[in-house]
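Enquirer: Residue numbers (numbering that gives the first Met the number 0), protein chains in the order written: chain A, 0 to 302; chain B, 0 to 284.
Hints in this document: simulated from the structure, not taken from any laboratory.
In this text the structure is predicted, and so the values were computed from the model without any measurement.
We treat Cβ as the ideally placed atom computed from N, Cα and C, and that holds for glycine.
Keep in mind that a hint or two might mislead.
Pair ranges (Cβ atoms, derived) [claimed, not checked]:
(1) HIS53/B x ARG188/A: 53 to 63 Å
(2) ALA54/B x ARG150/A: 50 to 60 Å
(3) ILE278/A x GLN86/B: 22 to 32 Å
(4) ASP158/B x ARG172/A: 22 to 32 Å
(5) ARG150/A x PRO255/B: 40 to 50 Å
(6) THR187/A x ILE130/B: 48 to 58 Å
(7) PHE192/A x VAL153/B: 17 to 27 Å
(8) VAL108/B x PHE91/A: 26 to 36 Å
(9) PHE91/A x TYR85/B: 30 to 40 Å
(10) ARG273/B x ILE76/A: 40 to 50 Å
(11) ILE75/B x TYR94/A: 42 to 52 Å
(12) TRP124/A x PHE88/B: 32 to 42 Å
(13) PHE192/A x ARG271/B: 41 to 51 Å
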Amino acid sequence: MLVFALFPLTGNDYLTVQLTQYIVYGIFAMSLSLVWGYAGILCFGHAIFFGIGAYVMALITKGMIPGFSGFITSGWIGLLLAVGAAAFFAFFLGYFLFYGRLSGPYLGIVTLALSVIAERVAVNWYYIGGFNGLTEIPALAFFGWEIRGIRILFYFVLAVALCVYLLCDWLARSPFGTILAAIRDNETRAEFFGFNSANYKIATFSIGASVAGLAGALFATVTEFVSPTILGFGFSTEVLIWVALGGKEVLVASFLGAVVVRMLEAFLSDILAYYWIMILGVFFVVCVMFFPRGIFGSLLSER
Amino acid sequence: MDFSIQILNGLNYILVLILVAMGLVIIFGLMRVINMAHGEFFLLGAYTVVMTDHAGLGFWPGLFIAPVVVGIIGMIIEYLCIRHLYQRFLDTILATWGLSIAIKQLVIVIFGPAGLMIKPPLPQLVSFMGIEYPAYRLFIMAVALMTIGLTFYVFLRTDFGLGARAVIANRDMAAVLGINTRKMYRTTFTFGSALAGLAGAVMAPLMSCDPQMGLGFFIPAFLAILVGGTGTLAGVLVGGGAVGGADSLISFIYSPVISQIVVFSLVIIVIRIRPQGLLGSRGRG
Numbered sequence: 000m001l002v003f004a005l006f007p008l009t010g011n012d013y014l015t016v017q018l019t020q021y022i023v024y025g026i027f028a029m030s031l032s033l034v035w036g037y038a039g040i041l042c043f044g045h046a047i048f049f050g051i052g053a054y055v056m057a058l059i060t061k062g063m064i065p066g067f068s069g070f071i072t073s074g075w076i077g078l079l080l081a082v083g084a085a086a087f088f089a090f091f092l093g094y095f096l097f098y099g100r101l102s103g104p105y106l107g108i109v110t111l112a113l114s115v116i117a118e119r120v121a122v123n124w125y126y127i128g129g130f131n132g133l134t135e136i137p138a139l140a141f142f143g144w145e146i147r148g149i150r151i152l153f154y155f156v157l158a159v160a161l162c163v164y165l166l167c168d169w170l171a172r173s174p175f176g177t178i179l180a181a182i183r184d185n186e187t188r189a190e191f192f193g194f195n196s197a198n199y200k201i202a203t204f205s206i207g208a209s210v211a212g213l214a215g216a217l218f219a220t221v222t223e224f225v226s227p228t229i230l231g232f233g234f235s236t237e238v239l240i241w242v243a244l245g246g247k248e249v250l251v252a253s254f255l256g257a258v259v260v261r262m263l264e265a266f267l268s269d270i271l272a273y274y275w276i277m278i279l280g281v282f283f284v285v286c287v288m289f290f291p292r293g294i295f296g297s298l299l300s301e302r
Numbered sequence: 000m001d002f003s004i005q006i007l008n009g010l011n012y013i014l015v016l017i018l019v020a021m022g023l024v025i026i027f028g029l030m031r032v033i034n035m036a037h038g039e040f041f042l043l044g045a046y047t048v049v050m051t052d053h054a055g056l057g058f059w060p061g062l063f064i065a066p067v068v069v070g071i072i073g074m075i076i077e078y079l080c081i082r083h084l085y086q087r088f089l090d091t092i093l094a095t096w097g098l099s100i101a102i103k104q105l106v107i108v109i110f111g112p113a114g115l116m117i118k119p120p121l122p123q124l125v126s127f128m129g130i131e132y133p134a135y136r137l138f139i140m141a142v143a144l145m146t147i148g149l150t151f152y153v154f155l156r157t158d159f160g161l162g163a164r165a166v167i168a169n170r171d172m173a174a175v176l177g178i179n180t181r182k183m184y185r186t187t188f189t190f191g192s193a194l195a196g197l198a199g200a201v202m203a204p205l206m207s208c209d210p211q212m213g214l215g216f217f218i219p220a221f222l223a224i225l226v227g228g229t230g231t232l233a234g235v236l237v238g239g240g241a242v243g244g245a246d247s248l249i250s251f252i253y254s255p256v257i258s259q260i261v262v263f264s265l266v267i268i269v270i271r272i273r274p275q276g277l278l279g280s281r282g283r284g
């Protein structure tokens, strides 16, 4: 974290802007880590929540939702509603899925199909920009003072990341987190101890989704742009890869996974072009086979 | 547009979907491996045909080479990767998914991201029952029906099929009774991949072959086996019929996009209400 905090002082504005974006991805990765690594819910459509957050943020701040005007279109309300909307959707989805005892591959395929549906809907819904998405999303304002400066935005996002980390870490260490681990490792046994595993899963799913929604909303303000690709299957794939490579059972590892993969991508995709994704795919397979706990996950847990 | 032609087109889609889904379901039923790279095997089958066509050999040799090539690729993948992951169910999903990304990208590297067309192998129309219908589509249906029939024959009438069904029913017991599960897994994976390769090859002349086409078949095929139930082969027929039929019908009435959204949503609801599938029985999770 300290390394990150010092980064803008190097004075390279372009890289600072890029890194701000990567940290947003890192927050998103942590949300998946919570859902997947801690509660064992393999979700192939996590980008849905990220996308919901981003779109809600965009629509609110651009004043495009009927009945919302004036004060309520501020970025902070947008942020709040983005988180709320993602959590709300996840709650209903979770209620629908987990009480149906869907788990493992079934859940994976269902969420995969959902992410395809979400992307299709967003592409064909012209009010929210259709294929082209929405642009010119206003920046966050703090008492009329816009957080638009490159460094200020960077520190703001970094601070949010830190808060999210602390919150998730606290959650994972709490009794709630212990129960989650029990459900992940042996659901039947956890139920025999009297824990309603579906409820715990729904709760975690919603919390994870709200964090993803937060990341999405931040993404919308940072890049000032949302498009259907951030809802869809491809982006869900990417975040799974970051988290798996980093280490799904360790929050910091997932965060680093996202940031490092994106950084490498920025540097290497110029040199390797199309080969980059291929190498990433192969690397992912190797990592799943030989480092099931992820690269940073293995490193961090040895200490 | 003539309605009976739509029915035939729908039937066409259903049969190819069943072909893809059947490869998936025997791999899943037997090995408990969800092969996320199955759509890419379909893709490889189609591109094998594209390659033979561009090499001047034409479509027909490609049709025979494609299942063999894809089968061999499947065998290599099983040997290098999947074999090591049999005890780790969720990891096989991730690993095959990584493979699917890598294969798709390899295809993009070699052939470029744009769609490729091949010459129609049977351009003539056949007229029967008062309608004109492309001969090639009838050919696809015949191939699909034959392959489906053959697969059923293998699984229901041969010693290998008996062993395979024993493994599906109770893997440990089958192993105790002296069935070489390792060998069976390899054969199954090869066979399943070859089926996807064949499906890709026969579909290649009908669609423009682009690197994303695998996913377009993988998801409906997977939803089909979930709808039908994973425990039996017959479930694939029901699931493929339901998903493919609904998709064809709704895209005829409205549009392909709406149909995809509606069908996927409906399937999710069906899976939620009957996780064991329409034909499955409770008992096996």
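Enquirer: Each hint needs a verdict: does it hold in this structure or not?
Expert: Structure-based check of each hint:
A beta carbon spacing of about 57 Å between HIS53/B and ARG188/A agrees with the range 53 to 63 Å that was offered as a hint. Between ALA54/B and ARG150/A the C-beta distance comes to about 57 Å, which sits within the given range of 50 to 60 Å. The beta-carbon spacing between ILE278/A and GLN86/B, approximately 27 Å, falls within the hinted interval of 22 to 32 Å. Take ASP158/B and ARG172/A: their Cβ atoms lie about 56 Å apart, and the range 22 to 32 Å is violated.
With their beta carbons about 48 Å apart, ARG150/A and PRO255/B fall inside the hinted range of 40 to 50 Å. At roughly 56 Å, the beta carbons of THR187/A and ILE130/B sit within the given window of 48 to 58 Å. Hint check: PHE192/A to VAL153/B, Cβ distance near 46 Å, so the stated range 17 to 27 Å is violated. Roughly 41 Å separates the CB atoms of VAL108/B and PHE91/A, a value that falls outside the hinted 26 to 36 Å.
Taking the beta carbon of each, PHE91/A and TYR85/B are about 36 Å apart, inside 30 to 40 Å as hinted. Checked against the given bound of 40 to 50 Å, the beta carbons of ARG273/B and ILE76/A, roughly 42 Å apart, stay inside it. A hinted range of 42 to 52 Å for the beta carbons of ILE75/B and TYR94/A is consistent with their spacing of about 43 Å. The supplied range of 32 to 42 Å is met by TRP124/A and PHE88/B, whose beta-carbon atoms lie about 37 Å from each other.
The hinted window of 41 to 51 Å between PHE192/A and ARG271/B is violated, with their beta carbons roughly 26 Å apart.
Violated hints, in rising order: 4, 7, 8, 13; the structure is consistent with all others.
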